[in-house]
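**Q** Each chain, letter by letter, is given below.
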Amino acid sequence: DADTSDKNVALSNNYAGNSWRQAMIKSWQEATAKAVEDGVVASADANTTAENSATEQAAQLQNMILQGYDAIVLNAASPTALNGAVKEACDAGITVVSFDATVTEECAWRIAVDFKKMGVDQIDYLAERYPDGGPLLEIRGLPGTSVDEQIHAGILEGIEKHPQFEIAREVQGDWTQTVAQKSVASVLPSLPDVVGVVTQGGDGYGAARAFEAAGREVPTIIMGNRSDELQWWKEQKDENGYETFSQSIAPGVSTLGFWVAQQILAGADVPKDLQVPTLRIDQDGLDQGLEMTPEGGVTNKEYTREEAQELISSAK
Amino acid sequence: MTTKRSAAGLAGLARSAPWLFSFVGALVIFAVTLAANNWSGAGQIITAALSFGAFYAIVGIGQMFVITTGPGNIDLSVPATIALAGAIAMTTMGGSDAMILPGLAAAIAAGFLIGSFNYLLIWLLRIPPIIATLSSSFIVQSLAIVYGRGLRIAPPPFLAEIATGRVLGVPILAIVTILLAVVMAVVLHRSVYGRSVTAIGQNINAADLAGVRVGTMRFATYALSACFAAFCGVMLAAFSGGASLNMGEEYLLASIAVVVIGGTSVAGGFSNVSGIWGAALFLYLLITMLNTLGVGAGLRQIFTGVIIVAVITLAGGRKKGRG
Amino acid sequence: MPRTILDPKILRSLVPALSFAVLLGAIFYVQPRTMSYFGLNLMLNLALPIAFATIAQMFILTVNDLDLSIGSFVSLVACITATWLNEAPLLGVVALLGCIAAYAALGALIHLRNLPSIVVTLGMSFVWSGCAILLLPSPGGSAPDWLSGLVKFRMPFIPFSILASLILGLIVHFALMRSATGAVLRGSGGNPQAVERAGWSLLKTKVTMYALAGFFGVMSGMILVGTTTSADANIALRYTLFSIAGVILGGGEFTGGRVSPIGAILGALTLALVGSLLSFLRISPEWQIGAQGIILIVVLALRSLVNRLEERQA
Amino acid sequence: MSPSASSDRPIVELNDVAKSFGAVKALDGVDFSVRPGECVGVVGHNGAGKSTLMQVLAGTLAHDRGEVRLNGDVVAASDHSVARAHDAGIRCVFQELSLCPNLTVAENTRLRHGSIRGFGWRRQAARLIATKLDEIFPDHGISAGAVVGDLSIGRRQMVEIAANFSATESEPRLVILDEPTSSLDQQVASQLLAYVKRFVEAGGSVILISHILGDIFGTCDRIAVMRDGLIVEERPADKFDRHSLVASMGHVTDEDTPAPQSQASESQRRGEPIVSARPPRQTDDQRLELHPGEIVGLAGLAGHGQTALLRLIHNAARHRSRYASVNGKIAFVAGDRQADGIFPLWTIGQNVTVRSLSALSRLGLLEKGREREMEDRWRETLKIRTPDMGDNILTLSGGNQQKALFARALASDAEIIAMDDPMRGVDVGTKREVYERIRQEAENGRAFLWYTTEFDELVNCNHVYVFRNGLIAADIERDQLSEQKVLHASFEGEAA
Ligand SMILES: Nc1ncnc2c1ncn2[C@@H]1O[C@H](COP(=O)(O)OP(=O)(O)OP(=O)(O)O)[C@@H](O)[C@H]1O
Ligand SMILES: Nc1ncnc2c1ncn2[C@@H]1O[C@H](COP(=O)(O)OP(=O)(O)OP(=O)(O)O)[C@@H](O)[C@H]1O
Ligand SMILES: [Mg+2]
Ligand SMILES: [Mg+2]
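Protein chains in written order, with the numbering used here: chain U, 1 to 316; chain R, 1 to 323; chain Y, 1 to 314; chain V, 1 to 496.
Worth double-checking, as some hints may not be accurate.
Some, not all, of what chain R presents toward chain V, calculated at C-beta under 8 angstroms [what the hints assert, rightly or not]:
(1) Trp-123
(2) Arg-126
(3) Ala-181
(4) Ala-185
(5) Ser-191
(6) Val-192
(7) Ala-199
(8) Gln-202
(9) Asn-203
(10) Ile-204
(11) Ala-206
(12) Phe-270
List of simulated lysine-lysine pairs, BS3-like, C-alpha gap at most 30 angstroms [to be verified]:
(13) U/Lys-272 with U/Lys-116
(14) V/Lys-485 with V/Lys-431
(15) U/Lys-272 with U/Lys-316
(16) Y/Lys-152 with U/Lys-87
(17) U/Lys-237 with U/Lys-7
(18) Y/Lys-152 with U/Lys-272
Now the stretches of chain Y that chain R is said to cover, found in silico as 3 or more residues with beta-carbon under 8 angstroms [said to hold, decoys possible]:
(19) 56-70
(20) 171-183
(21) 279-292
(22) 296-305
Derived by calculation from the structure, the hints in this document are not laboratory data.
The beta-carbon is built from N, C-alpha and C at its ideal position, and this holds for glycine as well.
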């Protein structure tokens, strides 16, 4: 491998307002601090915009180009709206690696999560639990974003596969606990008894509280690896054997982005599209999952250089 | 002819009781929701509306005093204050009932400091309030991130009980907030402070010459707004099981919306508290109605907007003075 | 009193330019690489649509109103541009003209029913967003080639964004500040009653101003898509606050029809530079948001300095 | 203004015109006409309906009943508009100024004249207004490029007057001046009146409304007296004398009683002053001093620093100031009531009590009963013409609004009352009562700082400071006071 000790890498992030992103930044800072100390790279700054907006992030990218970074690791506000800026970065000879919310620009690398599969898996799980099917409540994310559309599409696909299920009602949760709680509460009076609640991550606990507040039995809510969700699940499990599963992309995936960028800089031949599995917690793994989850945070896993190399070679 | 007269009647009503329209709007929407729901679930809807409306009302009251002090006065630091205060309260309380009061005090104190800082920018640096509060909201947001790193700490059980509990089916929080609204209505209409704020909103220059303590009153207003936002942050964290960094986001527009839909004049100098509750119920019931009707995200937003514009158009504007 | 450069009145009108220059100087100092055609272009090309949105907001502020929907409106325009205008240009053009007409109609509604603009535009922001989501449920679309070609056009010597801002500023300045009609339009913000008594129609002025706002909103959305090459329903939500802040930074006021087009554009560019300076300062991420606030405050403090000077001389 | 067959036809003619605002009958069947080449004076108590009548003439208010004829043609109430009146050559200088403060003088001129447009309009407008200003007010010192908001109220008034007298393609035939001199000092006012005479001699017509009877007598050919929405008397000016005019306005006519010597006047200047101030730019040690029970006049031409010093003193009462020390509570009576006085959304009562909020409250809460009581007491005392103090302040006529501002200050607990040319637009009868009231209050120990542009008011003062260029130019004891001296100091500035 070529030496990357004189290379400068940067993280470009579009939102810092929730615990997942905070954990993501923290993982980046911890992993890269060590890498810089070890002399793997020269620097690895983290940048985040003040507000969740594609235009602000595009401006941020353009500024990063001016700063002369060698690689930019990117969690994108929009899969397409940053393409112009990403292209400019590529043209300036910068390696761009996108993760979590990826970009479609061809010159960039993508460490993608199969969001669609996240949707399908939820229905598959419910089909196992409730072979007879039944009505479902769907909590959507932020309208107009691609992750929301992809997970939703996955859920629809799952329902096609298991036509005994139907979406009784769909509410908007904006990926924000308090908003999800309010939306669910507002729909409950008119909601038939549902067997399950399908979610996009981080909305489970709010939904559970809304059901409890309305004095209704809590259906099977798919969780999103937040510690309050897991804790609630554990309480319920101990009390009445409540069963569900929980899945999310690990915030530590930012470190994977870092190592992949480092490998590319080091001259490794890396395919443009890489897949990273979601972190899934099942009924049996709940205790172990709780261990991987910091108090008040999100279940996390940080990646090492070796794991990145493994992922790359398996993708070839 | 009759339509003309009834229109005049409506306008007259809007002038004498500007708060009425938000309640009427809420009522109509409530009726539509019930009809769509086969006339069932009324109690549950009202209960939920009262508890979620309470949060809108709390921030709305603080924002109302700010807006009353004249055009260009809006507190944009409400969301950040909610996030920081919620985090401070939950951390200080650490889930223990004994620490509820200190935690609440710490959060309110933080609110007071934020409000003071806002006014400091407005007064000392003469920064227009909207930009001053926007700038300080960035700083507060950073503080909230540094302070809590977005980690959620569960509220003490007793506080959670207050935030979610009910007496005779009425949420405790709603009762507290209604009392708060009554007190603030008295403050607005009957106190020296309320009069002074209304005077400043109409003509700050004349207020100064009429002996109103302009500086002190504006300071109090920004501090009050931030304290209310802080209180909202604490209760929101208690209600939803912990503070999160983005829990205040929806209150940026909502706090302004409840004030203006409630009949307060954006041009300042004319406001009322009861309309805030009407508007808060209206906004929540609107979500309920659209969710009950099962409308998708795009249409839901369009309906929300159209209904807001329709309500304000029916309520009509305030007539101007002597021509 | 001789009018020197230190005359506070003149100094005051120079404040936006001064803030801009100070910030630019700071950026050049921190990151000398920006001091080039390439650098300036990269830093400012995303400021161009903001400048247009700011001008749109300025028209509304001129008649003592406030537009809380401009961000969602620009987003909708961006969605229309990236879909219809690209695939079915005729439909796209009609839709965009419809958007401008809708703005004009809003102005008429607000005037005729004497409504608070804040509530109406707040409601409309939901409407625009909803339309955008229906049109483009997930990000995508692509800019018409002629549009991205236009925006990416590499002028010799002077970056396109700077030239375009300059032209925009001059055109609006002459139209609003120097023309005979402009005086009437501004006057209806200063003292509507007087304008009415002089025999002008306030309805017409309000409709004109809203239509202009709609027009510049449409321009903003189109240029935005030209730069980013695609759109999403939330792409420009930030513009609402940015545009208000830009007008105020540029020396405008919320009431009384006191605005400055050139100042507003400088305000918009200044806001964009705040973000750039931030990236170059390498602040730790948790403080980056706060630093943006601090830079804004520092820039604004300049205003108060000049105000103080003015007071002392008064 | 070519003389034609129709030259003697009235420009405007009203028959039995009525206008009500709710229960208030502002006009109750008025017959009135103006012919070319005459100057008609309109007088009447505050709230008599003068401004309302003028608004009907100018097309800004639609009448409820009666007939309006412009140049002989009947105009229906629904058809009457500003544009219509404008075409007929009618121009109106409203009592509450209607200029756009954010525009320049030239731009405001353009607003009045639709025909100024196209390339070079600014220069055209600037030339138009500058010429007219030069013609009416020589050495006015107003630049056409100045922003109106930066001008003093007097200068704004001058601009508005000049803009209305200036002619483009349509010439002014009838100019309505609603209390044009109330914000002007005497010199400028006499320039205006001289111009009005010239304008009328040249064939134009003017309606002049004023509470300063000297202006009316010296300028008008005919005088109409209004009372309670009616024209009660209308005669050629030389058929009136001061006495009969005041009597027909409904005021008691014991007007020639000289200003009684206040008893306190000899015992003045001893002890500590409660106000001691000097203008910031004053270089000598000339100071303004005010003792309890004293009425101190601030004289000089308008805009020479009197208002600024009053404001400085007002602020110094609450903050430390290098330039003034104030030992007592102070209340302010604004002269520019739109900008500095009125709270437009409030009732008359609230406008009166705002200065006394703390006094009317217990534990921070206002006591409604006491507030009501204060409102009603002051309505009586100053005869504010309104059916209900709970009505909006803007329903009052201009003079009555001014009375409400007076009531605000007098009702307060302030020991010092600063008055910024407070009699603008107040009618003769009320003025006399207010003078009397001020003297009484002074005897009871209140101190007054009274800026006025009318010499007649200075005789009420124990001591007069004359201002020039922002400085105190002269300091005149009461027994040495003469118009000559004040004028002299206003212009030459030699200390008397
Ligand atoms: N006449 C005015 N016009 C515009 N703004 C004013 C006016 N008076 C006060 N303010 C606003 O209030 C702020 C504080 O003013 P000031 O320092 O006079 O307060 P203050 O009078 O000392 O208050 P207090 O009398 O309660 O002690 C000013 O910076 C300004 O923002
Ligand atoms: N818009 C209005 N609403 C209600 N009442 C009004 C309105 N305009 C005028 N009035 C009333 O009509 C009457 C006549 O007012 P007007 O302004 O014509 O008096 P005026 O003779 O001009 O008095 P002044 O000498 O004080 O200017 C007053 O009683 C006034 O209160
Ligand atoms: Mg003060
Ligand atoms: Mg009048």
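**Q** Please flag the earlier hints that this structure goes against, numbers listed from lowest up.
**A** 1, 2, 3, 4, 10, 17, 20
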